[in-house]
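Asker: Take each chain as given, in its own frame, and dock them per the hints.
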Amino acid sequence: MRVLLIEDSARLQSSVGRGLRKAGYAVDISGDGEDGLWLAESNEYDVIILDLMLPKLDGLTLLRRLREKQNGTHVLILTAKDTVENRVNGLQAGADDYLIKPFAFEELLARVQALCRRSYHRKNPKIVIGDLEIDTAARVATRKGKTIELTAREFRLLEYLAVRRSQVVSRSDIEAHIYPDAADLMSNTVDSAICILRKKLGLSGASTRIQTRRGLGYIIEGDPA
Amino acid sequence: MNSIQHRLSLMLGTICCLLWGAGSLAAYLAVRAGLISEFDLALKTDIQALANMTEQSEAGFKFDSTGEFMPKFQREDHPDYFQLWEPDGSTLYRSPSLEEDRDLPQRFGTLESPKFWNVALPDGSNGRAVGIRFAPKEDDDTPRTPGAPPLTKEVTLVAGFHRADLDNRLHYLGTVLLLVAIALAAATALTVKVIVRRGLRPLSTLAQRAETIDASSLQLRFPTESVPLELLPIVQRLNDLLARLEASFARERRFSADVAHELRTPIAELRTLAEVALKWPDDVSPTALKEALNIALQMESIATGLMTLARCEGSLLTLRSEQVPLRAVFEEAYQPLEAKARAKKLTIDLDMPRDACWCTDRSTLRSIIGNLLSNAVNHTGPATSVTARVEKNGAGERLLISNPSKDLALDDIPHLFERFWQKDGARSSPEHCGLGLAVARAYAQSLGMKLEAELDHAEVTFILSDATPCNGA
Numbered sequence: 083m084r085v086l087l088i089e090d091s092a093r094l095q096s097s098v099g100r101g102l103r104k105a106g107y108a109v110d111i112s113g114d115g116e117d118g119l120w121l122a123e124s125n126e127y128d129v130i131i132l133d134l135m136l137p138k139l140d141g142l143t144l145l146r147r148l149r150e151k152q153n154g155t156h157v158l159i160l161t162a163k164d165t166v167e168n169r170v171n172g173l174q175a176g177a178d179d180y181l182i183k184p185f186a187f188e189e190l191l192a193r194v195q196a197l198c199r200r201s202y203h204r205k206n207p208k209i210v211i212g213d214l215e216i217d218t219a220a221r222v223a224t225r226k227g228k229t230i231e232l233t234a235r236e237f238r239l240l241e242y243l244a245v246r247r248s249q250v251v252s253r254s255d256i257e258a259h260i261y262p263d264a265a266d267l268m269s270n271t272v273d274s275a276i277c278i279l280r281k282k283l284g285l286s287g288a289s290t291r292i293q294t295r296r297g298l299g300y301i302i303e304g305d306p307a
Numbered sequence: 386m387n388s389i390q391h392r393l394s395l396m397l398g399t400i401c402c403l404l405w406g407a408g409s410l411a412a413y414l415a416v417r418a419g420l421i422s423e424f425d426l427a428l429k430t431d432i433q434a435l436a437n438m439t440e441q442s443e444a445g446f447k448f449d450s451t452g453e454f455m456p457k458f459q460r461e462d463h464p465d466y467f468q469l470w471e472p473d474g475s476t477l478y479r480s481p482s483l484e485e486d487r488d489l490p491q492r493f494g495t496l497e498s499p500k501f502w503n504v505a506l507p508d509g510s511n512g513r514a515v516g517i518r519f520a521p522k523e524d525d526d527t528p529r530t531p532g533a534p535p536l537t538k539e540v541t542l543v544a545g546f547h548r549a550d551l552d553n554r555l556h557y558l559g560t561v562l563l564l565v566a567i568a569l570a571a572a573t574a575l576t577v578k579v580i581v582r583r584g585l586r587p588l589s590t591l592a593q594r595a596e597t598i599d600a601s602s603l604q605l606r607f608p609t610e611s612v613p614l615e616l617l618p619i620v621q622r623l624n625d626l627l628a629r630l631e632a633s634f635a636r637e638r639r640f641s642a643d644v645a646h647e648l649r650t651p652i653a654e655l656r657t658l659a660e661v662a663l664k665w666p667d668d669v670s671p672t673a674l675k676e677a678l679n680i681a682l683q684m685e686s687i688a689t690g691l692m693t694l695a696r697c698e699g700s701l702l703t704l705r706s707e708q709v710p711l712r713a714v715f716e717e718a719y720q721p722l723e724a725k726a727r728a729k730k731l732t733i734d735l736d737m738p739r740d741a742c743w744c745t746d747r748s749t750l751r752s753i754i755g756n757l758l759s760n761a762v763n764h765t766g767p768a769t770s771v772t773a774r775v776e777k778n779g780a781g782e783r784l785l786i787s788n789p790s791k792d793l794a795l796d797d798i799p800h801l802f803e804r805f806w807q808k809d810g811a812r813s814s815p816e817h818c819g820l821g822l823a824v825a826r827a828y829a830q831s832l833g834m835k836l837e838a839e840l841d842h843a844e845v846t847f848i849l850s851d852a853t854p855c856n857g858a
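The listed protein sequences correspond, in order, to chains A and B.
In our numbering, each residue's number is its place in the first sequence (first place is 1) plus 82.
In our numbering, each residue's number is its place in the second sequence (first place is 1) plus 385.
Only chain B is shown next, with the shape it has when bound in the complex (with noise of 0.2 Å):
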């Protein structure tokens, strides 16, 4: 399973074990390389006594054997052993443990470093052995001859000694340290998991809080309050994308509903229209016919505004950029709407240079402009202004279209340009379905301009930005 808890948990748990195994086995060799040690200097002190019971003279080598040391050497259960070498090689001493057809090996160091191994005992027990060459001391008791040179012969002593003790506290020192490591893997494994489930538990809660949010719960948040810091940014981004489904969800909704509406209205009047006519043929309205086709129009223009908007998505539009006088241009767009105009007794101010004129496709700025102020016509109060002008924009120009709007509030300025989106909830104008606007601004970025609208003091601006101005047109 790929859980990231399961992946901590092992892997914590496998480190530490292998810590602790090391630690264990560091602290095992640290401690044997000690009683070894400390082991060797009773051997050193050992093999030095023996030393210090052999002397020399003139006449050769003697061994004292009688000090009070010897003992070890003659017991009978699990004596030690040493040996002792002339320094032609023959035996001048050994231990009466130490059978005469058993030697001891030959290795050794001198007298303050003497050589250490590990043996098999004669007895075939495990030993440990020391081994060192030296000069004997001389022999106090027998006169040397006057002038002669200082005795310096050297001989070999090779002492082995049972190492049973040091052996079983090696053993004991090692089983404890296994029972410990073994201890301590367990309840490092059971400390480890419950350590990594805690510190896991906010990315749980985490977890179980998303697994209850589905397309009927957007409106639901991740708590903030108390999150870890490193969690924080991931549940803030969560919590914006939730904010931004919800909002999508809910324009999906509304755009479905908008469409059932602006569709199936149409629909049913022109249905009940034909049924009520074919049900009752003898008593026809005149006017039946007219309703009909009006009703047809209504719907070849929702149909010929979602097509636009296909198109202007596929990037299906044939656009030709040339030189557009901009004036020419407003006043073709314009003149379709005068006579409404006029009947609202409303005023248009023009402010625009004259020789004011765009690089773009003339008859998408024209549906854009026509757009706009038949917005502008329809839904501005009797008696007003609708004012348009030109100004600067950084590299290029701009165009702003303005009219009063009292009906318009801020929070309606984010969906003018939705599809089909109508400050009326009840839809119930049979003459604008709400598609213009989301027409202009689809083709005002096919044209790479942009389309915005601002709402300050009761009146509405759409700002048409980014134009190329012609140069020296």
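Excised from the complex, chain A in its bound form (with noise of 0.2 Å):
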């Protein structure tokens, strides 16, 4: 999953990039509304979290104009504008949801990962796929009870093929929501990741697999019950 977090603190892009990525988000961070608008209108993502109060451009003008050009990525408002106006104001621009500092980040976790789920009309925080059960909320994935031991970065990927079950899922989409700099990829890089996944779920005996169409992508699929 491939979060964008705006905000001007540098201390909060610090320390809220780092919580996420170790919740095992792609993170990409900008500073102001301008190079934010240009990021969020760049790329895709499946949560943007957004100040208000940002310098160049302020953060309701740069969420209306994401939402005048049709762009429907969730955006959860992180802000310290706290008054119902400010909430209101913030609902009707188009934010799916609306966060004041300070904040628990667990919250602020469950929040985002609300979002992910919305993302992929998804409600229940499980997703199961053969006897793999994969709990996003808890961020484990196991098998007939046993835990599957994996990575951050590899249970992301196995959260995004799960969420796109029995859809193809692109190489290039895969770069750009598991990994938060698509420049520095290798070639090669996501169809490694994708055999280390798939030596980790057939070590654990899943009847769930990851096959492979040429040409076009990835397909996670499991054995019916």
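Honestly, the hints are just simulated from the structure, not real lab data.
Be aware that a few hints might be false.
[Claimed, not checked] Computed Cβ-Cβ distance ranges for the label pairs, DEER-style:
id, chain 1, residue 1, chain 2, residue 2, range
1, A, Arg146, B, Leu616, 38 to 46 Å
2, B, Asp625, A, Glu167, 34 to 42 Å
3, A, Ala186, B, Glu776, 27 to 35 Å
4, B, Val644, A, Arg204, 37 to 45 Å
5, B, Glu776, A, Thr143, 43 to 51 Å
6, A, Asp217, B, Arg696, 53 to 61 Å
7, A, Glu167, B, Lys730, 23 to 31 Å
8, A, Arg204, B, Asp625, 57 to 65 Å
9, B, Ala632, A, Pro184, 25 to 33 Å
10, A, Arg146, B, Val644, 35 to 43 Å
What you are looking at is a predicted structure, and each value in this text was computed from that prediction instead of being measured.
Beta carbons are placed, not taken as given, at the ideal position from N, Cα and C, and that holds for glycine.
Answerer: Below is the structure:
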């Protein structure tokens, strides 16, 4: 899952960005409204975390411009502005959620997860494919109750394929959503990651398989129970 | 109910009714007096006619009762009465209508000015009496003794006449006037109510407009067009008041939002820093503690600024007036900023007499100058100059600190000293929270000075005035 954090406080950029990355998200960070808008329009994000008081272009204007251009990315406003009027304005401008500073990081994480689920039209945080169960809230994958050891990035890859189950997911989609800086990717990074993930799933005895559709991408499928 | 309309209507209605009543009464009394006077004139004519019918001779008095005037004293239905007395009080003649045992009261005036009064007539009805005492004319038919003195004996004549016609006319007049007065009172009450309501309509409109204005609609104003002259000053003052209230509310909202931002953001930073570090303790950044310290220092700076403002407003500062050499204090205040100014290649032009000296509190003055210099060094562009000069200012002196400022606009000047105001609406600088100039002004006020700002040709000047120079220092 790829998240864009538009926040002018360098400290919050650092701590929230680190926390989100540790939680398994690919995070892009912007410190002002103009740069944030450019990033939001140039890339495909699952969630945008948006401050309102931003240099160069304020958050509400940024949000309105995004919506005017039919950009439907879920936006969570993260701001110190706490009045009802502020919240109503933010939601009416097209935000999907509103969180007031100071906030609990766990709550921010939970809200980002919920918005990610909504991006793929899911409400249940658990995805079951064959005998594989992926808990996107607890961020663990299990087979018949046994945890499959995965790194954060491997889990993100599995989660992304799982939320788009029965769809062929292109390599570029995986790069965009899982890897924060696509420019540094080596050509076989995604292939290697898929290979490792297949091996770990295979070792766990899961019936779920990640299949390659040559020239198109990857699809995750599970045997019917 | 305490209502102007109600009170005005009641007062005007009452006064008008009283005036109508008094007018009607006066008209009634005037007409009554006229009618009675007219009636009395007729009685006077009648009694003079009766007097003409009385004659005297040396043999005594004689009344000629054969005249055509007599029938009114002889009729059976409501006759009039008269009685004539001789000088010795014996009755000379009485009208046929007056029974022997019923004398009329004896009151009299002269022939030219008879006495009139109301009387109960012998038949019990109301009447009007007229009485005279006069010397009857001499009887021409009776010869007089030659050389005898003129006959001057006087007789008394009193006549009583029915006044039913007069009373009926007076009653009719009184009834008509009373009905007219009641009708006028009713019409007046209605008219007064309508007129008062119409007259007070601008006031009602004003009140209705005022009812629609609350804290959420302070942008509304009272219309000044077609407002009566008497209400215009009130409307204008109310509009001025609303403008000030609106500005005050806007300032309050801005202050709250700024406080929220200035306090919530560092708390959020600290909390997230701590939570992320606790959640992934193996991956704590080595700079995390330094960041936490910086956040704490930033919050301490805000708290110190707010507490200083509170102390200034509560007159809780301890001030000690002494002779303060201005140049030395300026150099003390500039010293911590010197490195930054040098890095920005700023030049400091000091136009200040070496012996310039103010009588004030030294540390507070240093804080003010330090704030102004810090503001100049931080906000002016690189390779520019900051100037400080001292000028005479009436009986006192003033200090002016100027620096080029491309970002400030004229509209910003009134906000410069507001708490937490920053030109950058995003408030992204963690170093400045917008309290410095507010604190400087509060300090200046504590010292009995004024701190103002001016913008001219992209150069902002802060003026610290009303300082007391130390003579002979």
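Asker: Determine for every hint whether it applies to the structure shown.
Answerer: Results for each hint:
no. : hint                            : result
1   : A/Arg146 - B/Leu616: 38 to 46 Å : holds (44 Å)
2   : B/Asp625 - A/Glu167: 34 to 42 Å : violated (27 Å)
3   : A/Ala186 - B/Glu776: 27 to 35 Å : violated (56 Å)
4   : B/Val644 - A/Arg204: 37 to 45 Å : holds (40 Å)
5   : B/Glu776 - A/Thr143: 43 to 51 Å : holds (45 Å)
6   : A/Asp217 - B/Arg696: 53 to 61 Å : holds (56 Å)
7   : A/Glu167 - B/Lys730: 23 to 31 Å : violated (45 Å)
8   : A/Arg204 - B/Asp625: 57 to 65 Å : holds (59 Å)
9   : B/Ala632 - A/Pro184: 25 to 33 Å : holds (31 Å)
10  : A/Arg146 - B/Val644: 35 to 43 Å : violated (27 Å)
Figure legend: structure checked against the earlier numbered hints; hints not met, in rising order: 2, 3, 7, 10.
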